[in-house]
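Participant: Sequence:
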Amino acid sequence: MKKKVKNQTHKKKGFFLTLKRDIALWLFVLPGLILTFIYSYIPMYGVQIAFRKYNPKLGFSGSQWVGLQHFIRFFNSPYFVTTIKNTFILSVYSIIVGFPIPIIFALMLNSFRHKKYTKVIQTVTYAPNFISTVVMCGMLILFLSPSVGFVNTIIKYFGGDAINFMAEESYWRHIYVWSGVWQGMGWSSVIYFAALSGVSPELHEAAICDGATKFQIVRYIDLPSILPTATILLIMNCGSVLSVGFEKVFLLQNNLNKGVSEVISTYTYQVGLIDNNLSYSSAIGLFNSVVNAVILIAVNKIADKLSGTSLF
0 MKKKVKNQTH KKKGFFLTLK RDIALWLFVL PGLILTFIYS YIPMYGVQIA
50 FRKYNPKLGF SGSQWVGLQH FIRFFNSPYF VTTIKNTFIL SVYSIIVGFP
100 IPIIFALMLN SFRHKKYTKV IQTVTYAPNF ISTVVMCGML ILFLSPSVGF
150 VNTIIKYFGG DAINFMAEES YWRHIYVWSG VWQGMGWSSV IYFAALSGVS
200 PELHEAAICD GATKFQIVRY IDLPSILPTA TILLIMNCGS VLSVGFEKVF
250 LLQNNLNKGV SEVISTYTYQ VGLIDNNLSY SSAIGLFNSV VNAVILIAVN
300 KIADKLSGTS LF
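Residue numbers for the sequence shown, in numbering that gives the first Met the number 0: 0 to 311.
No lab work stands behind these hints: they were computed from the structure.
Heads up, some of the hints might be wrong.
[Said to hold, decoys possible] Straight-line C-alpha distance at most 27 Å; calculated DSS-like pairs for lysine-lysine:
{"id": "1", "residue 1": "Lys-115", "residue 2": "Lys-213"}
{"id": "2", "residue 1": "Lys-247", "residue 2": "Lys-84"}
{"id": "3", "residue 1": "Lys-300", "residue 2": "Lys-84"}
{"id": "4", "residue 1": "Lys-114", "residue 2": "Lys-213"}
{"id": "5", "residue 1": "Lys-84", "residue 2": "Lys-213"}
{"id": "6", "residue 1": "Lys-118", "residue 2": "Lys-213"}
{"id": "7", "residue 1": "Lys-247", "residue 2": "Lys-257"}
[Stated by the list, open to error] DEER-style ranges, computed between Cβ atoms:
{"id": "8", "residue 1": "Ile-190", "residue 2": "Glu-168", "range": "31 to 41 Å"}
{"id": "9", "residue 1": "Pro-30", "residue 2": "Pro-55", "range": "26 to 36 Å"}
{"id": "10", "residue 1": "Cys-208", "residue 2": "Val-147", "range": "52 to 62 Å"}
{"id": "11", "residue 1": "Pro-55", "residue 2": "Phe-157", "range": "20 to 30 Å"}
{"id": "12", "residue 1": "Ile-190", "residue 2": "Lys-56", "range": "45 to 55 Å"}
Nothing here was measured: the structure is a model prediction, and the numbers come from that model.
Built from N, CA and C at the ideal position, the CB exists for glycine as well.
From just these sequences and the hints, can you work out the full model?
Facilitator: Given below as structure tokens:
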């Protein structure tokens, strides 16, 4: 019993000594912790809206408790399968296409000989990231317009018929994903350039002396060096597989392409703000968050077993 008390006392002393030693670092982190608590943890109190028939006049405690009624309603809704399917396909398509391209771009540009041109290429590819989503969607709609768009002008020039791209469901997903790749490719590659900058030049020099080709240098030196970073980013991307952004989808959406563009975020906006059903929309959002959390934990464990790299 005395040993246990001594061990506990020793641990407490060790904790306070560590705290005293690293007080500057704790003070540096403190504002972030406070903001996270205020804006991320306190709002969790409002999650109970999903389990109540919320009435703003009555408040949280005064509104009727309905349990899982809103969740059951969503599961039985004709929009359930459509929204989940569209969200999942769009997110997975974006990951499959958008995740490896910045890696390939960073590896190619890192092995490029002319460093002056490298900076120019980096600047050109970074620029689209700073275009507002609203502006970019306006550009897409204008460029793909069947009457004044330059894409259809080229098609007509070669004798083809104008295509209303934004009204065709078969084109909509490709437009959404590849425009996102164009906009985010350069910016997403920044973290890989940072990882590649940590690779020792001596490894490259030794590989060249041994007669290694550029492809072999990239495969056996550069790629393994950024693999842990890529794994972490992949885990984070998979953790938001059902969280397709609202703004871009909503701006590119119309009645003719709604069959493939109606995702969870736009459906939540419709039932929550347009139909004024806050409890139902909160239940959908909570379901989305829970599924994302489960996927994140599962992918994290799989990555930990396969590569030894994980978030936690």
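Participant: With reference to the structure, classify each hint as holding or not holding.
Facilitator: Structure-based check of all given hints:
1. Straight-line distance between C-alpha atoms of Lys-115 and Lys-213 comes to about 19 Å, which keeps the hinted pair within the 27 Å bound.
2. Proposed proximity of Lys-247 and Lys-84 is supported: the alpha carbons are some 18 Å apart, at most 27 Å.
3. For the given pair, Lys-300 sits about 25 Å from Lys-84 by alpha-carbon distance, which is consistent with the 27 Å threshold.
4. With a C-alpha separation of about 16 Å, the suggested pairing of Lys-114 with Lys-213 holds against the 27 Å cut-off.
5. A hinted pair counts as satisfied when its Cα atoms are at most 27 Å apart, and Lys-84 with Lys-213 does not qualify at roughly 42 Å.
6. Only pairs whose Cα atoms come within 27 Å are accepted, and Lys-118 paired with Lys-213 is accepted, the gap being roughly 20 Å.
7. Our distance criterion of 27 Å between C-alpha atoms is met by Lys-247 and Lys-257, whose separation comes to about 14 Å.
8. In this structure, Ile-190 and Glu-168 meet the distance hint of 31 to 41 Å, their C-beta atoms being roughly 34 Å apart.
9. The hinted range of 26 to 36 Å is satisfied by Pro-30 and Pro-55, whose Cβ atoms lie roughly 32 Å apart.
10. For the hinted restraint 52 to 62 Å between Cys-208 and Val-147, the CB-CB distance of approximately 58 Å keeps it satisfied.
11. Judged by the Cβ atoms, the range 20 to 30 Å given for Pro-55 and Phe-157 is violated: they are separated by roughly 58 Å.
12. One distance hint, 45 to 55 Å for the beta-carbon pair Ile-190 and Lys-56, holds here, with the actual separation near 48 Å.
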